[in-house]
Structures are given as structure tokens and as C-alpha cells.
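Participant: Once you have looked at the hints, place chain B on chain A.
Chain by chain, the residues run as shown.
2 protein chains.
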Amino acid sequence: MDMIKPRTLSGFMELLPGKQAQMERMMEILRKTYALYGFAPLDTPIIEDAQILLAKGGGETEKQIYRFAKGDSDLAMRFDLTVPLAKYVALHYNDLAFPFRRYQIGKVYRGERAQRGRFREFYQADIDIVGDGKLDILNEAEIPSIIYQIFKAFGLSRFQIRVNNRKILNGFYAMLSLSERAGDIMRTVDKLDKIGADKVRTILVEDCGISQEDAQEILKFIAISGTNAQVLSALEGYRGRSEIFDLGLDELKAVTENLGAFGVPEENFAVDLTIARGLDYYTGTVYETTLLDHPEIGSVCSGGRYDNLAGYYTDRPLPGVGISIGLTRLFYVLDEQGLLNPEMNSAPADALVIPMTDDRCAAISLAQSLRNQGVRVQVYGEQKKFKQKMSYADKLGVPYAILLGEDEIAAGKCSVKDLRTGVQVTVSAQEAAELILADVKKSGSSAVILEK
Amino acid sequence: MDMIKPRTLSGFMELLPGKQAQMERMMEILRKTYALYGFAPLDTPIIEDAQILLAKGGGETEKQIYRFAKGDSDLAMRFDLTVPLAKYVALHYNDLAFPFRRYQIGKVYRGERAQRGRFREFYQADIDIVGDGKLDILNEAEIPSIIYQIFKAFGLSRFQIRVNNRKILNGFYAMLSLSERAGDIMRTVDKLDKIGADKVRTILVEDCGISQEDAQEILKFIAISGTNAQVLSALEGYRGRSEIFDLGLDELKAVTENLGAFGVPEENFAVDLTIARGLDYYTGTVYETTLLDHPEIGSVCSGGRYDNLAGYYTDRPLPGVGISIGLTRLFYVLDEQGLLNPEMNSAPADALVIPMTDDRCAAISLAQSLRNQGVRVQVYGEQKKFKQKMSYADKLGVPYAILLGEDEIAAGKCSVKDLRTGVQVTVSAQEAAELILADVKKSGSSAVILEK
Numbered sequence: 001m002d003m004i005k006p007r008t009l010s011g012f013m014e015l016l017p018g019k020q021a022q023m024e025r026m027m028e029i030l031r032k033t034y035a036l037y038g039f040a041p042l043d044t045p046i047i048e049d050a051q052i053l054l055a056k057g058g059g060e061t062e063k064q065i066y067r068f069a070k071g072d073s074d075l076a077m078r079f080d081l082t083v084p085l086a087k088y089v090a091l092h093y094n095d096l097a098f099p100f101r102r103y104q105i106g107k108v109y110r111g112e113r114a115q116r117g118r119f120r121e122f123y124q125a126d127i128d129i130v131g132d133g134k135l136d137i138l139n140e141a142e143i144p145s146i147i148y149q150i151f152k153a154f155g156l157s158r159f160q161i162r163v164n165n166r167k168i169l170n171g172f173y174a175m176l177s178l179s180e181r182a183g184d185i186m187r188t189v190d191k192l193d194k195i196g197a198d199k200v201r202t203i204l205v206e207d208c209g210i211s212q213e214d215a216q217e218i219l220k221f222i223a224i225s226g227t228n229a230q231v232l233s234a235l236e237g238y239r240g241r242s243e244i245f246d247l248g249l250d251e252l253k254a255v256t257e258n259l260g261a262f263g264v265p266e267e268n269f270a271v272d273l274t275i276a277r278g279l280d281y282y283t284g285t286v287y288e289t290t291l292l293d294h295p296e297i298g299s300v301c302s303g304g305r306y307d308n309l310a311g312y313y314t315d316r317p318l319p320g321v322g323i324s325i326g327l328t329r330l331f332y333v334l335d336e337q338g339l340l341n342p343e344m345n346s347a348p349a350d351a352l353v354i355p356m357t358d359d360r361c362a363a364i365s366l367a368q369s370l371r372n373q374g375v376r377v378q379v380y381g382e383q384k385k386f387k388q389k390m391s392y393a394d395k396l397g398v399p400y401a402i403l404l405g406e407d408e409i410a411a412g413k414c415s416v417k418d419l420r421t422g423v424q425v426t427v428s429a430q431e432a433a434e435l436i437l438a439d440v441k442k443s444g445s446s447a448v449i450l451e452k
Numbered sequence: 453m454d455m456i457k458p459r460t461l462s463g464f465m466e467l468l469p470g471k472q473a474q475m476e477r478m479m480e481i482l483r484k485t486y487a488l489y490g491f492a493p494l495d496t497p498i499i500e501d502a503q504i505l506l507a508k509g510g511g512e513t514e515k516q517i518y519r520f521a522k523g524d525s526d527l528a529m530r531f532d533l534t535v536p537l538a539k540y541v542a543l544h545y546n547d548l549a550f551p552f553r554r555y556q557i558g559k560v561y562r563g564e565r566a567q568r569g570r571f572r573e574f575y576q577a578d579i580d581i582v583g584d585g586k587l588d589i590l591n592e593a594e595i596p597s598i599i600y601q602i603f604k605a606f607g608l609s610r611f612q613i614r615v616n617n618r619k620i621l622n623g624f625y626a627m628l629s630l631s632e633r634a635g636d637i638m639r640t641v642d643k644l645d646k647i648g649a650d651k652v653r654t655i656l657v658e659d660c661g662i663s664q665e666d667a668q669e670i671l672k673f674i675a676i677s678g679t680n681a682q683v684l685s686a687l688e689g690y691r692g693r694s695e696i697f698d699l700g701l702d703e704l705k706a707v708t709e710n711l712g713a714f715g716v717p718e719e720n721f722a723v724d725l726t727i728a729r730g731l732d733y734y735t736g737t738v739y740e741t742t743l744l745d746h747p748e749i750g751s752v753c754s755g756g757r758y759d760n761l762a763g764y765y766t767d768r769p770l771p772g773v774g775i776s777i778g779l780t781r782l783f784y785v786l787d788e789q790g791l792l793n794p795e796m797n798s799a800p801a802d803a804l805v806i807p808m809t810d811d812r813c814a815a816i817s818l819a820q821s822l823r824n825q826g827v828r829v830q831v832y833g834e835q836k837k838f839k840q841k842m843s844y845a846d847k848l849g850v851p852y853a854i855l856l857g858e859d860e861i862a863a864g865k866c867s868v869k870d871l872r873t874g875v876q877v878t879v880s881a882q883e884a885a886e887l888i889l890a891d892v893k894k895s896g897s898s899a900v901i902l903e904k
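So the sequences go chain by chain: A and B. Okay, so the first sequence: first residue is 1 according to this note's numbering, each after it adds one. Okay, so the second sequence: first residue is 453 according to this note's numbering, each after it adds one.
Calculated directly from the structure, the hints in this document are not laboratory data. You can trust all of the hints, since none of them are fake.
The calculated DSSO-like cross-link candidates involving lysine-lysine, where the alpha carbons are at most 27 angstroms apart (straight line), are:
| no. | chain 1 | residue 1 | chain 2 | residue 2 |
| --- | --- | --- | --- | --- |
| 1 | B | K837 | A | K134 |
| 2 | B | K894 | A | K32 |
| 3 | B | K586 | A | K384 |
Beta-carbon label-pair distances, calculated as ranges:
| no. | chain 1 | residue 1 | chain 2 | residue 2 | range |
| --- | --- | --- | --- | --- | --- |
| 4 | A | Q424 | B | E903 | 44 to 50 angstroms |
| 5 | B | G523 | A | L192 | 34 to 40 angstroms |
| 6 | A | S233 | B | G523 | 52 to 58 angstroms |
| 7 | B | I456 | A | D95 | 16 to 22 angstroms |
| 8 | B | C813 | A | G57 | 40 to 46 angstroms |
All values reported here derive from a predicted model rather than from experimental measurement. Note that CB positions come from ideal geometry on N, CA and C, so glycine has one too.
One chain only, chain A, in its complex shape:
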């Protein structure tokens, strides 16, 4: 037979079973947390009509998209989950209840130049709340609570949800009569962390053509910091000079004042006036989430409020708020940083039943009874030496081996060996299940991420 060397395309993540188990745990946490907040799971095709995916058109998207013909059809693979959501809501409008809350965890595709840590196929985990005509600010206030619950459940505590409001930024630049140059200014201000205030000032004045005085005002504004109360109080000083600013400030206060009720501790949340999140799409609250000990990773969960989800497909105004987690990239950097918890049980089974007699009927029955009680069990069926059987258990990382020989069968018992400690006890099937499940429950609560 002619053989071809197996390989996986670069830019496509393919995990070994242990790592995959950790990824699955993260997905399970996402599904569970999103569901607790009443989001409906959604699944849309990966392939769509290219005309529909590219309705907005232009720029990087068009270059990166995987697009191809099949018969007469002009097809493309989705590059995010927002465009398919817009299509879905416009298409199924009459069948949906609004506000429509959906989560979607799915693969998206971007044919970017391959480089380390960049993926061409990657998971996004999105939630959106889409209103019909209007959407109350309460929905924007709820988002930090959801982000908080997810990252807590991942095992993190050293993270910060940073929030701003685009109306505050737009209103502030309107005060300075700089609305038309707001885009350039925000792109420059965004570099503050990297290049420092002096260089930002130089660029603002020399490249953006801003006066020294306005540049000073801008730097003073974005330097506002402190506790949330201090920032909000400083912002109050600007009230009354721009209607849009005042509205933004009211919204920001509404988002922050319910944090306690939503169970988000102050230390995991910060009003941050440097957050802008792109230029056109977002119109209200914007969110970024950073790992405090790994600022170099950038935002791991971002999003915001928008006014017009599906303007390319319907003339109904569909405002909404959403966030997205780039799951594949997050998983990749967590792994790179050594933050994935090695103590998490990532074996495919809790116990390996090893029959010690020729007739394996008793071993099968035992395994079946353990499964009925919720224990994940493999029966080792291969005709190998005992040492090889144990070596399989080791390689699998399974925490328990259950040995079933003639003596055990005669006594209606089984020998349960903890492979981490070497301790072996001979107990009934019922006791074995209880013993293993208690341990699984304990290690099941061990987080997928372990902070150092």
C-alpha cells in the first residue's frame, strides 16, 4: 500500500487525550455557567453563503476568509459567531422571544499567516443578549457577573474585568470638539501602557495635530484612576458639558452600582477609561478581562454593547450586548504559562478493572455495576502479563485499578488499588463505588487552572 506521512495542518490545534480532557472541562464550565444565566445553546452551520458572511465586506476579513465554490454555490466558513448570530436573529425573528439570550461555543476560521500561538481554526465561546428595538442597561450590568463566575469556576482569582463606556469617550472628545479625530486619538491612547504618557503626547500633537492644551486634557482624562468610587467621582467633574457623556456616565454608574448584588467583588472589577474596543461597532459599555499576573496575554474575554446587530439583513433595530472568549488561544497561553492544573484527573476513566481469571464474566458484571453508580470504568481485556496491564493503567493515569481474582469472586468482593499511594483494600462493589466516587468528587472539584 502506498503510504502518506500523517500530519496536522499548522494553525490547527489537535490535543493529546490528557490536554483534551482539560479543554473539555473548560467547555463544560462555560456551558454550565452560561446556562445558569438562562442563555439558550445555539448551533449554526460552519459554512454559510459567502455573500451573507461578507455582507459587511472589506478589510482583513475578506482576505482571511476560507471561501470556495461547490457547484454553483459561493460558500465561506464563518470567521466569528457574531455574523451568524445576526443572520439567525434576522431569519428567525418571528420565532424568538426577546430579549433573546444565546450562547454558542463553536469553531471559527481565519486563514491568517501561521505563527506561534495564532490559530486558523479556533473556538470562540460567545454570549449575546439581543433586544427587539430596546435593551435595558440591566443586561450590560449582568455581563461582569457572568465573566466573574466563569473565571472563578476555571480556578482563577487573580483576574480583573475592566469596564468603560463608549458614550463617555465619545462625549469627552465631543467636549473638546475632537469627535472627528476620536478614532486616531483612541488608537494612540491605546498604546499608553506600551510607550508611556510622554510619547503618547508627542504623537497626539505631532501626528494627530492635536493642540498641546487638548493633549494635556486627554492625558489628564485617561490618567483618572483609583477605586471605582474615585473614578466615578472624578468623572462627575465633567458632567453637564455633553449630553452623550452624561448618558454614558449614568450607564457606567448603573453597571457598577449593582456589582455587589451580582456577587462580583470589587477587586475583580475596575472602571478603566483606556478601554475602547474598536471604533464603530460598540456604542455603550465595553469590557476587557485581563489576568493580573499575565498582562502580556492581553484581554481573554472582551465585548460590549452595540446598537445594531443585524443591519445588513433587516431594518429592525436589534441592539444587544455580548462577550466572547477566544477559547483556543486562552487554552494555548494557559498551557504555555504552565497554568493548567496537573493535579486535575484527566484520565478517561476513574478505574480500570483487571480480570485475573479466564472467565471475564464477573469482571464485566462488576464494571457494569460500577458504571450504574456513575463510576467511569474500563475493563482491561487484552491477554497480557500482569505487569503490562499495570503499565497500561499507569500510562492512562487512571487513579484506581480493581483486581478481580478467584478469591475475590468467591467472597463477592474486589480489590481496589489506589495507584497513586499503592494502598489496596478488598471491599464489596458497592463500597468500591462509594470509595472511588468520593475521591472523584474531591478531584472533580480541583480546578482546571492552578494559579502560582
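Facilitator: Just chain B now, with coordinates in the frame of chain A:
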């Protein structure tokens, strides 16, 4: 803004939220059941190098595959989960423990001619057990148990796992010196249900050139039926005439004799000599699963034993056994047949908290405390009339509304209204959670499929 009419491509399933919830339940059952048997979850790219996916080449696959160029790359979308598994095992051989047990639930793509009930993008839910050089018959015996547990958990009891062994068929045709014509014969015999014995005989004699005597032998053989014990006993009558037949019979006996230990009732299992499952790939036990009241659907879960998983990528012999559920098609036909349980709670939340005061802080706190206890909760935040709020709850199908007015807040209670019965009680948050969770647990055990 120029608008484009939203649409979803034909042959691509896109479900409304209620139906999607039912699909998700089926996926959860699959994940859970596969995990109980110690299968590791796996996720491979949807796009692979076209050369690798088409290593086997030829036929329908090549015509149906979505294949396209991006830069210098010749890419294709997977058309099943078996070829990617073969690649995975060959590529990661040194990092895997054998027998390697994996499950994968993922989308696959076939650009077939669109027709009702045929999908171009569909989920397959596969398990495989892959051995390194050898694989014990015990693994083949375990498969019916897994199929049984899955369909039971879906809510079905009227189904039958039909099993045969390719060695028995091959051995039988060898006895008649018809090995070379076995393919034609099996294709003909496969039509027995549709065209009847007389027509099968005619085709065998006239088109396949089989003697009247041999045709008679073949019809007699495939007519063997009855209880498993009766079929096995009839097969014993052929023993001693072909080594391969005898081996197949031993394997079939090994598969059937452990059924009881594996917890599979006799009525859900049948030895069926008419099952063949294609011609080349399978070499031992083969499986099909039919719904007894809906034979027209055909097999909903099929698979078998093979000797050489990855011959195109490695010269290591990798025998295995696997089954596959065509999940999208199964879901489609269950829905068409009206078999999806309308009583299953497919709402995205268990309760909708409706704040009756301007300050919504108490409502948010209540929702958060219910979520902490595992209740899926939405807070209704829109400024609408009470009637519209209740109409939203109705449209969502949420079982409980929780009303929180000044009286309730002052008393530290909330009013829980069962929207199906209209019964309303005023209780503490703790009691509300207990009440709702008890109900959720009950309806959570309501099956996704309801037999009529």
C-alpha cells in the same frame, strides 16, 4: 445600508432554541455514556490536508468532498471521523496508551445533492477502540452494551441491536467455493427484506451465475432465525467445514454469551445473518441498530470490527472496533416521526425573576442566590407592562416566574408562580430553590425521546 436577505444553506441544519435544547440533551447523554465506558473525548480539525483525507481516494468520497485551495495549501473538510482518527493514531502513536479508546462528536461534510432529510453538514458521534497489533474479542462484546445504554438513556426501549460476524459470512461462502462472488451475493442478499426470497434466488442464479443448488444453500443459510440460542445452534451445524467460519462462530458466541453480564436484555439484541455492512473494511463483528416501530429509518447506529485502521499512514497493524451514530439524521427523523418528547423542559431557564420595584437590586441578589444553588435563572430587566413580561415568560416556556415586589422584599420572601398550573406560593429564596430544583430534577429525568 444595502440589505441582503438572510438565509441558511439547504442541507445545513439550524434549529430553533427549543429543538436545539433537545439536541443538546442527546449530545450530553452521548458524552456521559461514552465517558462511563472510559472513552477519552477527542477533537480533531475539521479541515485537513486534502492528500491525507483522500489517501484512500476514489468513488463517491472524492466527488462529495469540500476541497479548496488557500495559498499553496490543498485543503479539504473531513467527510467522516474515521479517517481523522486513523491520522491521529498514526501521528500520535508514541503518546497513546493502547487499546486507545476515544469518542468524538463532531460535524462532517459531504456535498451531496440536496434532498429532504439529507444533510451536507451533519454530526457523527463515534467511538472506537484501537489496539496495537492485537485487540481482544472482549472489546467487540462490549459494544452492544454501550449502544444499549445510549438508546435507553435517550428514552427508547423498542430498539434492537443486530449483530453478525463477517468471518461467518466469508467462511460460509468459502464452503461453497463462492468467495470471489461473495460481494455480489451479499449485495443481493441485502435486498431480501425489500424484494423477497424468490426474487433474490432469481438474481443469484440469473445475474450472479450461482447454481440452483448453491442459491438454495444461501437462502437456507440466511433464513436461519429464532432466539440467539437457536441461531447459534443452527450455525453449529456448519462447523468443521471452514476454519474462518469456525473462528467467526467462536467470536459470535463470545459476543453473545457476555450480554447478560453487560446488562443487555435478550429482547434488545439479535444475531442476524443478513447484516453485512459493506464489503472490505470490516473483518469481524458487525453491528446495526434499528427502531422496531420504525424499520423504514434503517440503522441508526452501525459499525464493526476492522483489522487495519491506518494502513495509509503507518505500517503498524492497528485493529479496532467502532460504532457511529449519524446524530443529525437521527434527530431529524425522530422529529419527523413526532418522537421528540414535548414534555421535556427545553426552556433556557428554570425561572424568570420579574422585579416589581424600580430598584432591581433585590431581584438581582435573589437571582444570584438561586444560581448559586444550581437554578438556571433569567432576570427580566426590560421596562414593559406586567402582561408583556408574563407573555415573555410564556413564549420562553419557562416553568416558573418569580415575582418580587415591595411586600416580598420587606418580608425577605419571593412569590414563586408555577406557570403551568397557575399556583403561586410566597416562600424564602432557599425554599424557592428547593421547590424549583425538585421539579427540575423530575423533569430532567424526562426522556428526550417519547415512544408512542
